[in-house]
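A.B. asks: From first to last, the protein sequence lines stand for chains A and B.
The numbering of the first sequence is this note's numbering, which starts it at 1 and goes up by one.
The numbering of the second sequence is this note's numbering, which starts it at 1 and goes up by one.
Everything labelled a hint here was simulated from the structure, so no lab data went into it.
Here the structure is a predicted model, which means the values were calculated and not measured.
Keep in mind that the hints are not guaranteed to be accurate.
[Unchecked claim] Over the 10 Å line for every Cβ pair with chain A, so calculated as not near, a few chain B residues: (1) 45; (2) 89; (3) 123; (4) 188.
[What the hints assert, rightly or not] Only some residues are given here: those of chain B computed to face chain A with a beta carbon under 8 Å: (5) 115; (6) 119; (7) 122; (8) 126; (9) 127; (10) 134; (11) 136; (12) 207; (13) 209.
C-beta: ideal position from N, C-alpha, C; glycine also.
Residues per chain are reported as follows:
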Amino acid sequence: MGAGMLDLRVRHGFDGFTLDAGFAAADGVTALFGRSGSGKTTLVNAVAGLLRPQAGRIALEDTVLFDSARGIDRPPHRRRIGYVFQDARLFPHMTVQQNLTYGRRFAGRGAVSQSRGVALARIVELLGLGDRLHRLPAALSGGEKQRVALGRAILSDPRLLLMDEPLAALDEPRKAEILTYLEHLRDETRVPILYVSHSVAEIARLATTVVLMDRGRVVMAGPAEQVLSDPDAAPALGLREAGAIITARLEGHDTDGLSRLRSPAGLLWLPRVDAAAGALLRLRILAQDVMLATQAPVGISALNVLPMTVASVRTGDGPGALVQVQSGDMRLLARVTNRSARTLGLAPGQAVFAVLKAVSVARGDIAGALSGPAAPPPGQADILGS
Amino acid sequence: MSDWLSQAEWQAVVLSLRVAFWAALLGLPPALLVAHALARWRFPGKALLNGVVHLPLILPPVVTGYLLLIGFGRRGPIGALLEDWFGIVLAFRWTGAVLAAGIMAFPLTVRAIRLAIESVDPRLEQAAATLGANRVRVFATVTLPLILPGILAGVVLGFAKAMGEFGATITFVSNIPGQTQTLPSAIYAFLQVPGGEAQALRLVGVAVAVSMTALLVSEWLARRVARRIGQDHGGRDA
Numbered sequence: 001m002g003a004g005m006l007d008l009r010v011r012h013g014f015d016g017f018t019l020d021a022g023f024a025a026a027d028g029v030t031a032l033f034g035r036s037g038s039g040k041t042t043l044v045n046a047v048a049g050l051l052r053p054q055a056g057r058i059a060l061e062d063t064v065l066f067d068s069a070r071g072i073d074r075p076p077h078r079r080r081i082g083y084v085f086q087d088a089r090l091f092p093h094m095t096v097q098q099n100l101t102y103g104r105r106f107a108g109r110g111a112v113s114q115s116r117g118v119a120l121a122r123i124v125e126l127l128g129l130g131d132r133l134h135r136l137p138a139a140l141s142g143g144e145k146q147r148v149a150l151g152r153a154i155l156s157d158p159r160l161l162l163m164d165e166p167l168a169a170l171d172e173p174r175k176a177e178i179l180t181y182l183e184h185l186r187d188e189t190r191v192p193i194l195y196v197s198h199s200v201a202e203i204a205r206l207a208t209t210v211v212l213m214d215r216g217r218v219v220m221a222g223p224a225e226q227v228l229s230d231p232d233a234a235p236a237l238g239l240r241e242a243g244a245i246i247t248a249r250l251e252g253h254d255t256d257g258l259s260r261l262r263s264p265a266g267l268l269w270l271p272r273v274d275a276a277a278g279a280l281l282r283l284r285i286l287a288q289d290v291m292l293a294t295q296a297p298v299g300i301s302a303l304n305v306l307p308m309t310v311a312s313v314r315t316g317d318g319p320g321a322l323v324q325v326q327s328g329d330m331r332l333l334a335r336v337t338n339r340s341a342r343t344l345g346l347a348p349g350q351a352v353f354a355v356l357k358a359v360s361v362a363r364g365d366i367a368g369a370l371s372g373p374a375a376p377p378p379g380q381a382d383i384l385g386s
Numbered sequence: 001m002s003d004w005l006s007q008a009e010w011q012a013v014v015l016s017l018r019v020a021f022w023a024a025l026l027g028l029p030p031a032l033l034v035a036h037a038l039a040r041w042r043f044p045g046k047a048l049l050n051g052v053v054h055l056p057l058i059l060p061p062v063v064t065g066y067l068l069l070i071g072f073g074r075r076g077p078i079g080a081l082l083e084d085w086f087g088i089v090l091a092f093r094w095t096g097a098v099l100a101a102g103i104m105a106f107p108l109t110v111r112a113i114r115l116a117i118e119s120v121d122p123r124l125e126q127a128a129a130t131l132g133a134n135r136v137r138v139f140a141t142v143t144l145p146l147i148l149p150g151i152l153a154g155v156v157l158g159f160a161k162a163m164g165e166f167g168a169t170i171t172f173v174s175n176i177p178g179q180t181q182t183l184p185s186a187i188y189a190f191l192q193v194p195g196g197e198a199q200a201l202r203l204v205g206v207a208v209a210v211s212m213t214a215l216l217v218s219e220w221l222a223r224r225v226a227r228r229i230g231q232d233h234g235g236r237d238a
């Protein structure tokens, strides 16, 4: 992991709105999360060079792309940054194949291209576009267009991929489909991705690092597991969406239709998960699906009871409280009422049992674990949810 | 054909076609440049450029012709230079008719191309830039193919305008049969002599036929191009 492969600090004011944000992104997928109007797209456009910020500095690896103090502003076509837009922006007069190879004509830049370059045939196969190559974009469905846009960006051999809500214009089945392709690309090409979204589900599934933005500022940034399970991030994420990400290894399938997973805090049983034993999985567990007990519950239908420790309690204006519990480096978030928190006397350091119904983890919230910068052992990062 | 049209008439038709062809062809590159500048660039004096380009559309053609005479006549500042350096004389020559017709047609061509450029989604050009294409390549590979129907329309419009140009032409290059007598000048000349109506009417027929053909050909070309670039007249889908 390069120390901050993308490093930026940008200030830009317009229409009574000021963007003043900075963060460093490492390899993997860095998710830029925030409500609409929080400045995400402005920031991404500044990285791509489509918008010139009033002040700041943007560096990618050891290349300075923009530095207002030194008068550096590299034009977009010399930044080698791929961009997947919300609207696919395919060239209407070119076939799918011509669209895909468009960036190739200009990509013969530097020796890095050789090692990083991705073969057209491989991308076409990954994205399932084999029988669409000679069509014009007008003849494609929305999901297919976005797949072509993905492939086109990847094939331009970028050092960084920007994605600005690439799924926002699609319906749910298409979203799920593209997410799967995205995971394939992420794991296969290893190009770092800056992913803009306001969907926690997408971020929970894809992101290595999460940057939370609010009204033009970065309010929190860190590893996805940490940020998403941080009670202080919940107001920005939305309470219904608040939930932790955990990593667990699939141990096997029981005969009654449940799968057994080994998490750092103990064994978990979930409805049958479609993966081979040994696979490392990433699960999103919503705060509202986690109950807390101060004593080991008995005579309870919930299968998953994990002994953990209260890390923090956050009470808001409403009747609810968010409790972060932890065991080793695994964290869960539980949404309980203020009254329960008071009655149970929940306080940091207290030992509790987190109770989780087996059926509460949605299929869409299970994915192959991010394999990180090092290549995963073969067969241990299978992708699910397809 | 030549029994149907007299030699003078025939000469006028051929000259007009030649003048209009060169006016439309030579006007295209600058029209493309100016249209692109007006549609996409930001620079000081843009409003002034826009005004100057459109001036021939608003000014009485005779004024444009007279200004050309002052500027490009053999004693005019530009005309004298052209003659001294290149031996080119425009005033009272058919080449001058090309200049006059070209300048009168220029705003129409620019307008058509500018509208076409403005209808190209600049976000497509941005996308091309992020894929590594510099400005020239973005123009050549994305903008140009997409505005081809507009360019065709502009050229045909310019051609038709150049065919019909009268005021500026007759002022700048006069009405010399066989040299500068274009179709409209010839019609005008025939109408000045008693009994010339029949000849005038024949030339009017030719003018109508040529203009109609140009229009139909451009429509057909535009449709063909539109189909090739995937923008059928049904429009783009969402």
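A.B. asks: Give a verdict on every hint.
C.D. replies: Checked hints:
{"no.": "1", "hint": "45", "result": "holds, 22 Å"}
{"no.": "2", "hint": "89", "result": "holds, 44 Å"}
{"no.": "3", "hint": "123", "result": "violated, 6 Å"}
{"no.": "4", "hint": "188", "result": "holds, 45 Å"}
{"no.": "5", "hint": "115", "result": "violated, 18 Å"}
{"no.": "6", "hint": "119", "result": "violated, 12 Å"}
{"no.": "7", "hint": "122", "result": "violated, 10 Å"}
{"no.": "8", "hint": "126", "result": "holds, 5 Å"}
{"no.": "9", "hint": "127", "result": "holds, 4 Å"}
{"no.": "10", "hint": "134", "result": "holds, 5 Å"}
{"no.": "11", "hint": "136", "result": "violated, 10 Å"}
{"no.": "12", "hint": "207", "result": "violated, 36 Å"}
{"no.": "13", "hint": "209", "result": "violated, 34 Å"}
Figure legend: structure checked against the earlier numbered hints; hints not met, in rising order: 3, 5, 6, 7, 11, 12, 13.
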